[in-house]
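J.: In order, the protein sequence lines correspond to chains V, S and R. Residues 393 to 950 (the numbering used here) are what the first sequence spells out, left to right. Residues 35 to 353 (the numbering used here) are what the second sequence spells out, left to right. Residues 455 to 752 (the numbering used here) are what the third sequence spells out, left to right.
Treat the hints as calculated values from the structure; they're not laboratory data. Owing to the predicted nature of the structure, the values given are computational and were not obtained by experimental measurement. Glycine is no exception: its CB is placed at the ideal position from the N, C-alpha and C atoms. Be aware that a few hints might be false.
Unchecked claim - Each pair of labels, with its calculated beta carbon distance range:
#1 V:His536 - R:Ile528: 55 to 63 Å
#2 V:Asp447 - R:Cys732: 28 to 36 Å
#3 R:Leu508 - V:Asn860: 45 to 53 Å
#4 S:Val331 - V:His536: 42 to 50 Å
#5 V:Thr840 - R:Ile478: 45 to 53 Å
#6 R:Ile528 - V:Asp933: 26 to 34 Å
#7 R:Leu471 - V:Asn909: 49 to 57 Å
#8 R:Ile466 - V:Asn661: 23 to 31 Å
#9 S:Ile190 - V:Asn860: 42 to 50 Å
#10 V:Asp609 - R:Arg511: 52 to 60 Å
#11 R:Leu509 - S:Ile190: 16 to 24 Å
#12 R:Leu508 - V:Asp447: 21 to 29 Å
#13 V:Thr921 - S:Ala347: 43 to 51 Å
#14 R:Leu509 - V:Asp750: 57 to 65 Å
Spelled out, the chains give:
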Amino acid sequence: MRKSKLIVSMLLAGTLAVSLLTGCGGSSQETSASSDGKIKEFSAFFATAGKELPDNNRLKNVIAEKIGAKINEQWLTGQTAKERIGVMIAGGEYPDIIDGGDGTQALVDAGALIPLEDKIDKYPNIKNFLTPTQWEKLRKEDGHIYFIQQFGQIRNKDTQVQHNDEAFWIQKAVLEWANYPKITTIDQYFDLIEKYKAANPQVNGQPTIGFEVLSDDWRYFCLENPPQFLAGYPNDGKAIIDKSTLTAKNYNTIPEAQKYFKKLNDEYNKGIIDQETFTASYDQYTSKLSTGRVLGMVDQHWEFLTAENSLKQQHLDERTWVPLGLTIDPNVKAQYRAKPAFNAGGGIGISKSCKDVDGALKAINDLLSPDVLTLRYWGEKDKDYKVDDKGLFYRTDEQRENARNQDWVNANMCMYTYLPQYTAGYLDDGINTILPEQQQTEFEATLTDSDKKVLNAYGFKNWTEFLNQVPEENEPWYPIYSACSTWSADQPEQMAMQKMDDIKKQWLPKVIMVKPNEFDSTWNQYQTTLITQADVKAYEDALTKEVKRRVEKFGKGN
Amino acid sequence: MELEVKNINPNPEIKTKNNLMKNMKKQKTLILMSIPFVIYTFIFNYTPLVGWLMAFQKFKPAKSLFDQTWCGIDQFKILFSDPNFIKVIRNTLCMSLINLTLGFICSIGFALLLNEVRLMFAKKFVQTISYLPHFLSWIIVTGIVADVLSPETGIINQILVGLHIISQPINFFADTKYFWGIVGLTNVWKEVGWGSIIYLAAITSINPDLYEAAEIDGAGRFKKMLHVTLPGIKSTIFILLIMNIGNIVNAGFEVQYLLGNGLVQDVSQTIDIFVLKYGISLNNYSLATAAGIFKSVISVTLIYIANRFAKSAGEERLF
Amino acid sequence: MVGFRRRSKSDIFFDSLIGIFMVIFVIVTLYPILNTLAVSFNDGIDSVRGGIYLLPRMFTLKNYQTVFHNQNLIQAAFISVSRTVIGTALQVFLTAMLAYVLSRKDYLFKKQLSFFYVLTMYVGGGMIPVYVLMKYLHLTNNFLVYILPGLISAFNMIVIRTFMNGLPDSLVESAKIDGAGDFRIFIQIILPLCKPVLATVALFVAVDQWNAWFDAMLYNSASPSLTTLQYELMKVLSASTQQGSSGTIDMVKNAGNMVTPKSLRAAITIVTALPIVCLYPFLQRYFVSGLTIGGVKE
């Protein structure tokens, strides 16, 4: 009998413990404290990876004091954006502020976001954040505006110093070795790499790798999209748009594509391209780049920031890279840099679960005022930056050290990285940039000797000058890739896009890896497969339709 | 001369019905004990199956389940008309069979061998080490596998070239013929220790008298292992075998996703990866659910067959 | 009396083979573990380079500091331990009870119920229907969502049942003759004899509970006080990955002491696996023959 008693009492104890624990933490999040004088709290969710700031983050509280509101940010973990949004919709409860990423269209369809067009006029900073044309681009077919695209805005003037997007990159050491030549075409580029590799078969004791192409999973776009740049088109991403006929064409079948991949095929067979490049994972790619022996790659800058940090840590700064805007034909103008793209397919929305819509909008509005922008990016005066007698902001060495320290930044800085912000530009005083790293003094402090050498040799003031000048305005349809996020599963173009991706992933490496005399036949096989297995026409037609629609609605201007 | 036993009962129906009631009364406790479980499982495992309706609709998450447009078996038609889907089924089945075979042989073999280790300390040490790989995430494991098999720096290629077995390093991930083997071996390495735990527990329930009897018959260690230990865990082996046969359609997702690339995608993609790409990523829950139903049907059919087989062979079975 | 038999030649051969095999096995298995340990103690940016084998090249405690430097850590640890202890105890007991019922050879509904349970292993409604169900049952933002849904696992039940089937029938029969009811037989006779398999199942369940984070994210992400250790670690890991160009303003340029996903993952693995490794020796002593304990001989 004793044993049963023991078991029964254990069960009872267990049940008791369970009920106690159920008691704690049942209530769902607070949306916003209502009474005035108290600081309002809003919940926000962003469908991307990001860092949660601790509650006692210094500037979060400073900003909260100033604008009377705090925004508690949550990020995506362990699921894709679409999965997470799908679950949220099924549950019917949302945080106050939400950026659904890939799942934004689903949120709109589900009626989860509140229409904002009537409220915007009350908030001047938000209203002036986007141009009237941009607001129109955000308007859905039902006439409502559901979200605010938070990226890509420049305030007053473009002050960018880094090129964050795609380019062909080449090591500073290689340029120095060749005495800083001007490289504008693919042929010149590979020529230089071949010569350098022949003269320097090893870097730091390991074999030199001439060229590396990242092909891992969703990061493989740099394998497949160079043809669009090489033909002189900007990063429309999903197609090239003919300006005169306003038609969209996929860039996998154009002659530049064949020329480019033939060139890669040559280089691969000459041993310039790393034979592992098509099977390496992102980690392996980063690892190779970090050893300093990769002379060049075609990639977007943010993909190898970690590798750059590693090289800097090893004091191998001359092995980091500068961007080049290459084309196949020297007479074609390259368009690697454009005015920051305005992606009308997504942004920040206020959900229908928000109990204080005006409070949330006011908070976002306040976050765009110059004073708060300064708090977001520069910090507190004297603590995080100093002002000289001309009114220019600058940082002391110690303050710069702090800004480079991950832990310190986490505990002190609060940038609200996914709420409306400026990619570049000046504060209202006209002399201080919004982002510290774009301030001339701060930028120059980041340059090492090899950096300065390279910039001086070409007469450039910052890294963006390696590429084309940014055009005054982008075309009205730019960027066409934003149209794809609104497609739904039952549309043939959506299926076509996925299929094309699969085919390219399989065939492009093949095409590059075969023997030179087999290239033409393999290329033809690839092209045939593309046309027969994917409904390319439906894809192009859908995009053409969208191009024409955008031109009609938005005409000139961005 | 055979005796005929006649059924002298004039009313056989009533008799069996009475029998049923009598038996139920006899097993009152057992029935009472089962009822809460049945209710529980019905709620938690069977009610969500309502979601299977999604497979017959063009599901959009915004509206309720009963507010959707119906499309019959269209989703299934799309699934089976896609040439990739057939390929993907083949990949899944092949990789599963390889994993199953290798896994079973190695887990059972390892359990048997470990049981024979006589130094208590060594036994415990090896067992603890053996299940540690189970705790490494697939991301870490595939990272290590990729490094070990790398053409340039990987140790396998270095050994092979060093021993002059091959003249040039092989890029194991560029050729489709290696992929299934790599997946199988990686799976075995990661799970052999963890998988052997069940068998080790089962071994402890073998009656020690049987060993004594075998010893008297003159059996050495190896013979004892083969004729006493192995048959002693037969029922466990069979049950696990049947259950795993049902899981053949779940060859996995992470390993293939992480180790796969464009060049081997014809053999690396499994049903789950296909569902992710063409179902979830395109917000096409209907397709995903249809694929899920397909998998369930296959699984249940397989275990039914396996169970029948076990029954006729006189072995332990599931139901 | 069992006399001792001299080891024959084949025995020695056999033992040596096993010995060699085990040594190779340990090397092949241990290397990746030690490698992970080394990476976890290595500087994040430096480990990205690769080339770390058994020892860290640039020793740092940064990865572990990042893991432990979490405002929710104590609460998360508390929740994780609670769900592991409560969940395991309840699950093992209830699953064993069901296994007992289904092990009774003459049970009227044995076949139907067995199939009913086996089926649950191969059919499922999918993530969204289950989520809706949990919401309907008020299990979201609730600690019970960690305990209730997984209470009966068909797999574990079958494993226990198989073990119970191997126990001699005479045990139950003689108890019944003595007038004992099924529940008493279960608690007093069968359960104690099942120690090895209960320990096994307890291990499986405990590991699952300890490692679970998906349910915390799916159902309880709006309640910080219900977060689990694994979920917090997952969040830390996610935060260190780079997903696209939009968030680069956040990425501290030229960061001196960044943790990278690779080194962080290694540290998280070690921190998560350690408690289980410590738990195991306690369960190991149950892996002794239940029959010899009970002293029942056929």
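J.: Please flag the earlier hints that this structure goes against, numbers listed from lowest up.
T.: Per hint list: 1, 6, 8, 10, 12 violated.
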